[in-house]
Amino acid sequence: MHDNKAARLGRRTVLAASAAALAMPAVARAQANPLKIGIQSIFSGPIALLGTSSRGAIQPEIDRINAAGGLLGRQIQPIYRDSKGQPQEAARVARELVNTDGCEILLDAEASSGAYAVQEVVRDLGVLCVHSNSETSSLTADPKLRVATAFRSARQGVHDAIVGGAHSAKVATAKKLSKWATCSPDYAFGRDTTAQFLEFLKHFKPDIEVLSQGWPKLGAPDFTEVITKILQAKPQALYSALYAGDLSAFVNQGNVYALFSAMQVFVPAMGDLPVLTAVKNLPAGIQSANRYLPTFPATAENAAWGAAYRKNNNNDYPTNWSWENSTAIRFIEAAVKKAGSTDGKKAAAALEGLTIDSPFSTTGKVTMRAEDHTLIDYAIGWGTTVPKEPFVIDMEPGDWGQIAELEKEWKKSNGYI
Amino acid sequence: MNRIVRDIAIGVLVVAVLAAVPHLIPSKAFQDFVIRCSSMALFATSLNLLVGYTGLSSFGHGLFFGLGTYSFALLMQKTGISLPVAFIATLLITTVTAIAVGAICIRLRLIYFAFVTLAMQMLMHSVIISWVGLTGGDQGLQGGIPRRVVAGIDLGNQYNLYIFAAVVLVIGLLMMRHIVNTSFGTSLRMIRDNETRAAFLGIVVWRVKLTVFVLSAVFASVGGIVMSLFVSGAYPELINWPISGDAIFAIVMGGVGSFLGPTVGTMILLLLNDVVTRQTEYYGLALGIIILAFALGLRRGLLDFITERLGGRPAGGIS
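Protein chains in written order, with the working numbering: chain A, 802 to 1218; chain B, 118 to 436.
For the record, the hints were derived by calculation from the structure and aren't laboratory data.
By construction, the Cβ of each residue, glycine as well, lies at the ideal position given by its N, Cα and C atoms.
Any given hint could be a false lead.
Some chain B residues close to chain A (C-beta under 8 Å, calculated; not the full set) [to be verified]:
hint	residue
1	Arg153
2	Val348
3	Gly350
4	Gly401
5	Ala403
Derived Cβ-Cβ restraints for the label pairs, each shown as a range [to be verified]:
hint	chain 1	residue 1	chain 2	residue 2	range
6	B	Ala133	A	Gly870	50 to 58 Å
7	A	Ala1021	B	Leu409	27 to 35 Å
8	B	Pro263	A	Ile1218	17 to 25 Å
9	B	Pro263	A	Arg1111	26 to 34 Å
10	A	Asp1158	B	His140	23 to 31 Å
All chains, please: the whole structure from these sequences, using the hints.
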């Protein structure tokens, strides 16, 4: 008898529980109807930092929006997916996120080749897409590649080349540096970036002579050959487009040969915290641009953002990719609010020419330029390294008026306008 | 003759079923799956002509797959020719390249053959990476593929591309099936089982080997064309050596001894990729464990395993 009663109770409990379980999703759906944003990047392999340090900035922004009631009254549900750095996977994942998972917006945090593949998918699908990590200028500068609903919230190669050229020419004139050498990774990015830098350097200071150009292989563990070649050429200045792990290895090995005291070194990618902290003895006096620095712009908002990132991410340092992705979400938020819709065309119309408040700008505001869908007015500048925190000091901001003017000339010479 | 009619009938049926599916289940992911499957299955099956039927283990077959994507995408972008002409021209470029590469490689045997084919692929990969002006280097060929309209049908439309991929796959498989069933196919198996004996029986071994090398290259390049249309461009990852590894995995998982083994293997590989990528970032780990299970558990590809269990002997029969 006792057993029987227990069994009956059990059945009732089970019935009630099943009814609740069946009803739950319906209730949840009615309340939520989440706004899904597809976020794709490289989360595995040697450049997983691209994805993880992007996500590390995206998630807190989404949490902030959701805590404040969501976007258009809907909670944002991010769907992160790994493309493993393969363009064909990037294209597939982008389609899957929109067609199968029902994402209404794409945040493409892929490296350049993935971004180009995603761009073509967006052309077909017509959803709002923000590329947050590709710095290759042609993605937005070339009208043949441009897509009506795709934007870029990242820095751009040509901007870096102009500011780098202007700043380096100024330093070179002051210190009388006319004999130069270069050392950059041996692939399209390294060669393009170096050629562009030299072009703008010569624009500002025509009497530049390049004595030696070294092209180490990407991921090469040993830079001895390149370093001795540079030292033998006896230049007064050295430019390098090396970055990330290769750059910290290069600096560590260059220290052994006293490379950094033998000449004035210019390295645009030095000013990124993971690199600065990976170098054993950071030499003083390297000229470097900012990738991301919590001290540039030297505002309370930027410092607070940097500190919050570390708090949210096991004390890891934010990267250049982190601020670019934070900016992507802020633009998506502002554009969708303004358009009152996630529809690709409407949101893209709202995003064109949109200006938002940003901690990553010396003026406190960044703009999504209407004519070519790319980010401008972000913090871009050069400073000098010191061995201890804040690692890069005397930051001198680039002049956005000058950037716009020279960028236009550059576009004309490439047949883009 | 009956066999050919039967195979064609099955092929027509498969295309008809695939054409009907989107009207019943409107899943774009399924269409994407079939398009990628078509590309990779043609590639893997073409490699199996060498590995399974001739006993030539090529590690660099991705050369021809990548050559297909680049030749086709470049012809479409840089010249004004129509899609069918670019398609045929791509096959011609592949044929010429395969004759040159094959003439060097087929003189070698076993591991030497494998490594020289790999070296050839890496050479082509380096050329593509270095020739930035033509290929865009490591950033890939950007800007999409223009004029994707054939006889009024726009392959830019996903459903059309899906049908196109299905038809190309079926025709490609039928042609390869026909090749292995002819007396030429018998010569291939004879060379695989005993090359010296084949030579004594009057088979000109190098000619047969070179012919099958070129044929398999052409089918791989058709797979490349489908991939190029899918990603709307060409990227160095599509000609780098891991892509050859994908085809070898597909053969290993599906079965080297069955004609449809590589196709089944491709489906398993792509399904695993899609399912595992949705769940975890440790894709490589999951895939490694599953391949180990196949190698140590089944000790052969899935289709070979099933055929043997049913009491048959795989048609391509590794003896």
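Here is what the structure says about each hint:
no., hint, in the structure
1, Arg153, "7 Å, holds"
2, Val348, "5 Å, holds"
3, Gly350, "6 Å, holds"
4, Gly401, "7 Å, holds"
5, Ala403, "11 Å, violated"
6, B/Ala133 - A/Gly870: 50 to 58 Å, "51 Å, holds"
7, A/Ala1021 - B/Leu409: 27 to 35 Å, "33 Å, holds"
8, B/Pro263 - A/Ile1218: 17 to 25 Å, "21 Å, holds"
9, B/Pro263 - A/Arg1111: 26 to 34 Å, "47 Å, violated"
10, A/Asp1158 - B/His140: 23 to 31 Å, "50 Å, violated"
Comparing the model with each numbered hint stated earlier shows that hints 5, 9, 10 do not hold.
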